[in-house]
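Asks: Residue numbers (this note's numbering), protein chains in the order written: chain A, 11 to 218; chain B, 242 to 521; chain C, 350 to 554; chain D, 5 to 406.
These aren't lab readings, by the way, just hints derived from the structure by calculation.
Hints are supplied without guarantee of correctness; some may be wrong.
What the hints assert, rightly or not - Heads up, simulated DSSO-like pairs for lysine-lysine below, C-alpha to C-alpha not over 27 Å straight-line:
{"id": "1", "chain 1": "B", "residue 1": "393", "chain 2": "A", "residue 2": "102"}
{"id": "2", "chain 1": "C", "residue 1": "513", "chain 2": "C", "residue 2": "502"}
{"id": "3", "chain 1": "D", "residue 1": "111", "chain 2": "B", "residue 2": "410"}
{"id": "4", "chain 1": "D", "residue 1": "260", "chain 2": "C", "residue 2": "432"}
{"id": "5", "chain 1": "B", "residue 1": "297", "chain 2": "B", "residue 2": "357"}
{"id": "6", "chain 1": "B", "residue 1": "393", "chain 2": "B", "residue 2": "440"}
{"id": "7", "chain 1": "D", "residue 1": "114", "chain 2": "B", "residue 2": "440"}
{"id": "8", "chain 1": "B", "residue 1": "297", "chain 2": "B", "residue 2": "247"}
{"id": "9", "chain 1": "A", "residue 1": "217", "chain 2": "D", "residue 2": "239"}
Unchecked claim - Looking from chain B toward chain D, a few residues come up when the C-beta cut is under 10 Å (computed):
{"id": "10", "residue": "253"}
{"id": "11", "residue": "307"}
{"id": "12", "residue": "384"}
{"id": "13", "residue": "385"}
{"id": "14", "residue": "438"}
{"id": "15", "residue": "439"}
{"id": "16", "residue": "450"}
Backbone N, C-alpha and C define an ideal beta-carbon position, used for all residues, glycine too.
Residues per chain are reported as follows:
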Amino acid sequence: MRRQLPILIVFVSGVFMVIQYFIPHESFEFIYEYAMDWIIIIGIFAMLLGLWSLTRASVSKVQAKAPGWGFSVMTLVGLATMLFLGFYKGNKSIAEGTFFMDLFWYIYTPIQATMFSLLAFYIASAAYRSFRVRTVLATILLVTALIIMLRLIPLGPISGVNQWLASWILTVPNMAAKRAIWIGVGLGATATALKIIFGIERAYMGKD
Amino acid sequence: MNFLEKLLALDRRIIFLFIAIAVALPLFFTVKLHIEVTPVVRNLHNALEALPPGSKVLVSLDYDPGSMPELQPMAESFFRYCFMRDLKIIIIGLWPNGPIQANSALEVILNEPDIKKKNPKYGIDYVNLGYTAGNEVVIERMGSDIPVTFPKDYSGSKTEDLPLMKGVKNFNNIDFVYNLSAGYPGTVEWVLFGVDPYKIKLGAGNTAVQAPQIYPYLNSGQLVGLLGGMKGGAEFEIATGHPAKAVKFMFSQSVSHALICFFILIGNFAYFATRKKKGA
Amino acid sequence: METIGIWIAALLTLGIFSFLYKDNPFYKFCESLFVGISAGYWFVTTFWQVFMPKLADNLVAGRLYYIIGGVFGVLMLLRLFPKIGWLSRWSLALVVGTTAGLYFTRYLVSNGMIQVQNTIIPLYVKGNLSQTIGNLVIVIGTFSGLIYFFFSKEHKGAFGGLAKLGIWFLMLSFGASFGYTVMSRMSLLIGRMDFLLGTWLGLIR
Amino acid sequence: MRYKNLNRLLILTFFFFFLILPLGQILAQEDTLPPAPPTEVRASDTQNDNGHSITITWKLSGDDGAGKKDVVAYEILRSESPAGEFVVRGMVPAGNNTYQDRGAKEKEDKNYFHPYHDFYYKVRAKTLNSYSESGVAGPAQAYGQWFHLGKLPVFVGTLAFTIMVLAFISLARKGKKFYVRPLAGIDAVDDAIGRATEMGRPILYILGLGSAADIATIASFTILNRIAKKTAEHKTKIIVPCNDPIVMSVAQETVKAGYLDAGRPDMYQEENIFYITSMQFAYVAAVNGIMLREKTATNFYLGKFYAESLILAETGSVAGSIQISGTDEIAQIPFFVAATDYTLIGEELYAASAYLGREPLLLGALKAQDLAKAIVMISLASGAVAASFHLDFFLRLFTVQM
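Working from the sequences, and respecting the hints, build out all of it.
Replies: This is the structure we're talking about:
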């Protein structure tokens, strides 16, 4: 019951989903739509697990007065504020112009955008560190990256040739390599999906 | 440790500092950078030029603040172009944030002196129909009935009461669709669910990361033209004869790209130089 | 509100940037606040935008099939009670099984068949040299790339040569993507700089 | 003077009413003449659908694409009886000769399309200010199909691949040994764990941003299980911060199972596998902090990754950690290749679980993948050659109609 039933559920639901792909009839469409909604609903219930884990970890840090526990207080304050503001006026709590949305716009959005923009710095440092002509492979990496980057720099007469070369690289050899990766990923992922459906890959189920 | 070895193991914070300067400093200058308008942008501009004044253009803004730096200038330049050409703008969003982005772009454009002279009116020259959930299904439903899909506009007035929406039933009454997209749902969905079944004319602006996936639709003619990333935005501004934010930002792009290339070159120079020494 | 908001946003922006120099209390403050706010925001928005329409509204409308989803959802929560925690595996099994079946055909079609279909192109296009070369490169590149991903045979001899060609193609593609992405990453930083120098300080316009 | 002008006006009026106006009307009449109607209108059930649609086809009007009476569009009208009232169902631009009359499948939807019900259709060719109608076609009924013929190649592919996987797995069960070539990223795993043990510092394992149902995440769970077993043997701490609650739950089970396999269930600490937040960059901000504060010796990034890949990899490299990465997210592979020590590229991520466990069953599936790859490569090469001679046999093998 503890081990067999989950494996059976995986098998039945997996086989059903594969079969429904080939059956356009509405009866299968209906079950498909329900199943997809159930998955979403399970995910929403699981959110409580997430909040529980986050809260428990922060609270125990504060209780233990672990190093940096003050920052865990900040996390809890942020979380509690958002939860309170998000529910106290019912479904109107998250309309545009509420304090909830103000916090979203003036705290969440700028931090998010800034974290994202760190990539500009990291892409430069990664290029500096790894683009060295040590091996043939590293050299290919370096040269193509340079050609593509140079297309944004006005270089006078060379610009035209470089533009052409850059777009040729992007549309021809780049496309070929991506297709090889795509096809490989396709085979790997389908094989893994099969292993899951047939219960061969089951590490994700844990053990008792 | 000599200079070359130091260079080889350069503290990345020095690179960070240079990048910050390379991006920030050019923002203070207005430089006439030579930006050539590529055919994909030229095609989009030509298609828009062919629209007679009074044509109705549907603009779908499908992005959120995360893609603002790339797509917001495109939204602004497009609105500016439409107002100058007396094209009527109908705004929608397949992303919840789209209509909000549209409003902040409009706020900038409506305050420009040239546009102020034209004095575009809400409801007559432009409308914002807001966001409707449903992703590509929204496009499908618009194909049969736009007022039913968007019963109310962003501020809650009935869509049917807006003068601009008089006689706009479905895609047959729309002359052009312009889509700004940062992912799903976006340009791919507009092609598959708008262009293919309803034969709408579609132009798009995409983030640079997204753009290569859209190229096949250009070659097949399903898409009239495409602005790819900030550079595409700048090209459109040049094509419409009104260089603005994207063109200005391109100077930062060029300088920072050049800086990265320069760093790679000196890194390799140092690498070679130290290796030779070790060999000797 | 807007002025205060912009000041807060600007200070938080600087706080995150300070991480580039080194980890520091200012960054830790921004980070922990960000984690709390984002988890709360995510929970609240998912509740109102997904949970209510998907479960509550459907149940109110009498679509009782949705109870099944709710039951599996509750089972998931039983993880919190060690003795009956194993019941949550049923929900997990439903999620994994359903999506494994879904992804099976999806990957097979869009990653497998459609890519192969797009690569079956004529190696010789009459009167069009550049397309002939292009097609040839695409077919050879895809073919040798797949050789690289072959696990059953060691990369030796002619086979190894093809695998090597394959990895060259891969590296070329990685270099191209890397170089291409620089522009959009710089755009993000330009956006932040524009906010700091323009919206906040008003130094540029 | 005044009369002269009046005269002119009268003459002009005369001309206008009796000459120009009729002439204009004669000229305009060309436009109001109805175009030739569409012919051979046929209505039949739409194939390969759920049963709520009828397809209408017709032969274009003779005035489509030429002349003064140029057709601009076709309107499709429907009725429940041949003589009944016809309602417009849709419109297509000139030049098109098919239309799918589609409706919703939910009975409560106002656009519900009744299956197994007789419908009659007419097609109307429209010019700018006139139209003409075809004869009535029908009756036609909509009904759903039980197999999608356009997906037949996928069906064949599914069967063939499933048989291959199962066959190789049963060979493996019977004890057949399979050879797989060495993979650099895999060989590095042991060293990386050993290094963390020597340094007495923890290992960080990131499962990426995927959900527990993403295939890449599931492949990563299997790898996590193997690595957890090794860390248990080495008595090294493993930290797994998660971005999805279900992923966290599964990761806890997986790591626990790994410790059980190693015979050290007592050492398992659940609080090291925890949830942070589901929002991408907040999660990254926190993981950045963990790397620098816990001074992790080895970082694994295996699963689905998006833009955050490079932020993680660069921060890890600042901290001086050994980094092993792998993803099937094609856009992120370049950054992992540039910034981490070893990268499992695309399919290698899926192969890794088989490599690490050396379980015969998983290796068997890997062999099936290789066989399928060989078939793909042969079809690709022969298909391209055949296509050069305008033969499309191979192309058709892989063509899916949605």
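Asks: Against this structure, judge whether each hint is valid.
Replies: We went through each hint and held it up to the structure:
1. B/393 - A/102: 18 Å, holds
2. C/513 - C/502: 13 Å, holds
3. D/111 - B/410: The given pair, whose Cα atoms are some 25 Å apart, holds under the 27 Å limit.
4. D/260 - C/432: 16 Å, holds
5. B/297 - B/357: 21 Å, holds
6. B/393 - B/440: Measuring from Cα to Cα gives roughly 26 Å; hence the hint holds.
7. D/114 - B/440: 25 Å, holds
8. B/297 - B/247: It is violated: about 61 Å lies between the C-alpha atoms, which goes past 27 Å.
9. A/217 - D/239: 20 Å, holds
10. 253: 7 Å, holds
11. 307: Because about 9 Å separates residue 307 of chain B from the closest Cβ in chain D, which is inside the 10 Å limit, the hint holds.
12. 384: Since the shortest Cβ distance to chain D is 9 Å, the answer is holds.
13. 385: 7 Å, holds
14. 438: Holds. Min distance 8 Å.
15. 439: 9 Å, holds
16. 450: Cβ of residue 450 of chain B sits 7 Å from chain D, so the hint holds.
Hint 8 from the earlier list is the only one contradicted by this structure; the remaining hints agree with it.
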